[in-house]
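Undergrad: Here are the chains, one letter per residue:
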Amino acid sequence: MSSLNWTEDFLSELSADMTVAESAISSDVTLWQIDNYAWQRFAEIALRQKLRWAAGWAEQVQDRFLVNACFEKQGKYILLRTGVDASNPELPSQATVYPAANRSERHTQDMFGIRFSGHPDNRRWTRHQAWIEHNYPLRKDFPVQGTPVGITAPDMHYPFIKSHGAGTYEIPVGPVHAGIIEPGHFRFQAVGELILNLEERLGYVHKGIEKIAEGREPESLARLAGRISGDTTVGHCWAACMAMEQAAGIVVPARAALIRGILAERERVANHMGDIGAICNDVAFVFAQMQFTRLRELWLRTNATVFGHRLLMDSIVPGGVACELSDESCTLIKKELVELKNELNEVILALDLNSSLEDRLYTAGFLSEEIAAAFGTVGYVGRASGQDFDVRRDAPYAPYDQVTVKVALENQGDIASRLWVRYKEIRASLRLIGEFIERLVDGDIRTEWQTPSAGAEGLGIVDGWRGEIITYVRFEAGNKIARFYPRDPSQLNWPALEKLVLNNIVPDFPVCNKSVNGSYSGNDL
Amino acid sequence: MNWLIAILQTTLFVLLAPLLAGWVKCCKCRLQNRKAPSVFQPYRDLLKLNCKQPVVAEQASWLFTKAPYIIFSATVLAATVVPFIAVDLPTSASADVIVMVGFFAFARFFLPLAGLDVGTAFGGMGSSREMTISSLAEPAMLMAIFTLTMTASTTNLSFAITHVLNEGLVLRPSFVFALAALTLVAVAETGRIPVDNPATHLELTMIHEAMILEYSGRHLALIEWASQLKLMLYGVLIANIFFPWGIAEAFSMQALAYGLLAIIGKLALLAIFLAIAETLVAKMRLFRVQEFLSFAYLLGLLGLLSHIILEAAR
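Chains as they are written, first to last, in our numbering: chain A, 1 to 525; chain B, 1 to 314.
You can take every hint at face value.
Here are a few chain A residues that face chain B, going by a calculated C-beta distance under 7 Å:
(1) ILE171
(2) VAL283
(3) ALA284
(4) SER356
(5) PRO507
Treat the hints as calculated values from the structure; they're not laboratory data.
Heads up, the beta-carbon is just placed ideally off N, CA and C, and yes, glycines get one too.
So here's chain B without its partners, still in its complex pose (with noise of 0.2 Å):
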């Protein structure tokens, strides 16, 4: 039974996925005073791309066809990790963020090499951004989520969580750092504006687009999947480590219900901050983004600091 909840949970995640982009793209289409597709326009679009027959240049290895397939499914493993509508499932055992970092990683592993693997211009300046984006915002994840573990003296989310929850709304300093750096993370990672911006079509300007103008047909709708799958793991993550309250603690179908109804609320509130952010700034110069992830390696680890100054003591 549990098993069962674990896996829906997991499918609900990769389904609602979608979703959470299509609000996304309606906020920031309603800020700019613009009619807003439907929310379900990026389902379609995946359906589309999947009808699609995919196109692979002649030069294309074995690991350009299969690194969408590898991409999406690290992805959807990461996802497993992340309670997202109840804790203590039993993948609670492996939810560890150093699991879900190394996923990340896996698939980030593979992306850039399939960027570079055609040979193309624009595949390999995108790969050697986004290698130089993310050796500065792993470091600052990890900073944010140590502080965060240090707390609850675990690096299982699942635990974490309730260890949160058990505690009750205190007021920790720590806290309000590591959520900021991760904020600042999961903008820079899932590549929103102004570190990237997922809507541009000028090549030179981009970061992961770039790694994937090659890619067509379901190729791309996978990789695009992927991609809206990490911005809600990012949400989830979030939503769920700082404001953890609604979420099943227990399997009863109301509990469940109430899990998933708070996680799709906090999702659609964070999705509506993050869609103001972008519409208030331009994207950065890309030689600001160190500075930008500097700051969230320091916001990081002033919330380490703070926590052992302050908290740790308790």
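Same shape as in the complex, but just chain A (with noise of 0.2 Å):
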């Protein structure tokens, strides 16, 4: 009831400096189309208004590119959306308000060729030395091929923050890292140990995602959202189909739903269970990263047994699902729960009665309430820096709307909460695996495919284990994907970790880094 009340409230204090076109793209989500020139105004009432910030993408129809941010409060979204000329693309920059939108709009930047006016970081993020000066990747005319010359020039002049001054230096790390993990370049400036600034550049894992994406088929989409990051694969598989499948007007069958929310949640307890033996491990603990990995891997093979895949790679299709969830596997599932819980029992004694792993976790890499709110951060990172919000049980879309999901929510913001945030969530995950089985009901796990009409579209918002995934669909005529744009939480994420190793020591951003534990693969895209 109050979520009606804030959108009128909201529209009408819009109403006295632009005129906005309300139309409805599904019974979720509206969409509010304003005039470019008030693109940023309506970001500062927004911000006075308390919404958060949550994409930012833009997309090319004809000879005008279509601005879009989506923004939310208490769980209702809304789709803004701006046409510029393609002959002069410049729009007012939202990142002056919200800084979450910075990186966005500088990715908006590199592949459009949007300019946005004001913005108070222009630097280039995504463009790399393989593309031309003004060639811009994801305009209609940019061949899906690239234009390669030859071996791509090494990228030695980005314009890196500088600092000055006697007795600080630079510690440059990366891309490529000793540990198995992304690439991603960090450049540090400190003062003895001391972190006095970190910046991010991110982008050696753009794959051009967006771009491949275009003229694809609904269920050739499906897998390739499943592959933007690997550990993410059920989460953006199921933004994907979400958004796919509003563009259709399909209906996903009930059992279908229950069988994507359990692998959903099994999805999030590996990956959680991953994470917190890696932070242990990063501060030398070793034995509790044995023990989660141990743990995971178990989890991982009945994963393999049940589903196929111990990723669960391509088990959500357009319309439902692709495997089948027998009574047996049921019964596994279920005794798996029990075994897991009284596992974590034991091996969470251990790290909770450790006081040497305490000292090393509670207080550092601290985030502020603030600045969490600030840069829109979801998922665990949000959630131990107080942010109380859940696509799950704040938006819920089927399964969810059948049970009550308890949020984690610690307000600590610092490493230990990250872990006990994702420990919390496990066991509410396990919780729900077990709900969903008890609910499943016989039927079919997928629905016919229907061709969506050409310039139908669709946003899929679900929580993925690492928070809020929004993705946008648009469809253009036979069936065919016109924009398709994932927004990986990471992208809100990754921001704070530059701000949370603030006068941190350089020996503990890894494991700052392994808290927030972003991922570079969805994030690049």
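Take the two lone chains and join them into the complex the hints point to.
TA: And the structure:
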């Protein structure tokens, strides 16, 4: 009821400055179209109304660029849209108001050549040396295979932020790291061991997901979405399917929705267990890592037996799911739930009672509630800093609309908080999996696909294990994708890392980073 | 003949060092509920590294390529000083703690220099951390050793050990303090958890490993071997000073064999304690290391004081 109130209040406040053309793209999401000059003004009023900036992207429709931004408040999403002319693409920046929009606008600037006037930091972000000046990869005239001219030149002259003064020095780390992790460059300015500034330079895993999605059919797009970030294959696949189903006006069968829920929660449990172990490993408490790796491995093996893939890739398909869940499998999963709960009770004691671990994890990597809110952080990073938001509870979709989702919340904002949020989420997910299995109804696991009309669009919003995933899909004629944009939760959480390491010491950075564990691949697309 | 035994002792020392490292790793694996690699794995690793071609950075000076040999030799020389399976060897004339600390310092001088030499950020970072820690560890170590030498009235390790043997089993408060202090120093100096993590891949948290990141091939093998030697040196030091029983005092075949068995047993036991400690605690924050080493220094000082107050008068 309050959610209705705020849109009305908000619209009346906007009416003084701009005209808003309202239309519904689905039952949950309304599309508000405004004139491009009011783009920044909207953000200012939105900030005053405490809306959270959630996602931003653009697309080309003939000789116009449509620029979109997605806002959220109290579980109600608004899709904001404006158009700019391709001949002179310029738009007032929202990043001046919402720091969260910063990198997203830089991405749009690099990919479409849209200038954001007044942007606080308009250095290139995704753009690398293989693209010639004034070539914009996401414009329709840019070929999918690119325009390669020999070996890509090294990126020598990226204008990093410099620090001056006696005793300050720079530590460049990466993009290639010693561990088996994804590439990303970190530039530290430090005095002694104290971190003065950290600058992230990502984009090394840019795969052109958005470009190669164009022209795909739904099935093929779902497969692509499942490969945006390997650890979030269920989350992204689900969000993409949800968006496509919305565009096609398809309702997923109840049984399929429940199985999707089970898959998503299984993914969450597996990744959280891996993360807890990895955080402990980064402070050389290897015992915990070994235990959690073992538990995760057993969990993944069950995935393989029951669903046919350890990481559950391609289990979700447009219109339903690809894997049936037999009664024997249900019994197996239920048995496993009980076993895992018992094991966790034992292992978590070893963590909780270890004072040397406590000394490392408490107070380190502190992210205040204000900064967490300003950057719109989601998932466990937000929830550990008091951001009480979970799509599953606040904007519930099937099957979460049938159950009560308990959101794990901490407000210390340190590494320990992020670890405990994960642990609580594991417990909550185990309960959810049990409930979904109890509620499992007979029926189809997939509905017939219906070709959506040209121009049909959909916005899939799900809660992946890292947090809220927002995926936008627009169809063109012939069941083909015209535009696909997935917003990984990491995109909002990466900037928070830059802030939470400040005033920590350099050797504490790895554990701070692991506590956030952003996806490089999901961020770079 | 005696010289032969001395040379044999050092050779054994050098050859057994990787075995100790393998044993520690093995114990740690078991404690973490893992299958352990063979205790001979460090030998295979050294052999593998030795067969590989070392890759040297273009900017590296002669220092970088020579440092591994210097460090290894200095550590081997330090090993000759410490009585391993027998006392009263010809080398005991030079078996002085100050000499041993000197060899360590000599090796330590070159390692951070080599780390700085190639000019990577990690090398410099590791070197600066290493020097910070060693500047705190060395006084603490000397303090612990002085406690011992005051009891024996000599800085000669061989004589000190003989003195302890002759005295028999006497509970000395000063020795308890010195043992605790030396253990803490040993943990810091050999780069074990909670001070440093020898198994980490996280460059930013490294101390010892950060300095040697650029090393490869036989250079790396020598440095690895030298750190295994150092771990063994501290182990032998603790085992033979505080629990010298079993060490060969005569040069008969039997006595030497017993001596060897005794020291292997003692080291194996010490390694188990080390593995348990490393499994139980997480690595401490870098800035806690100073508190850790100050505590070691304090223990050494208390040992010295308790010697003067309680034991010297007798």
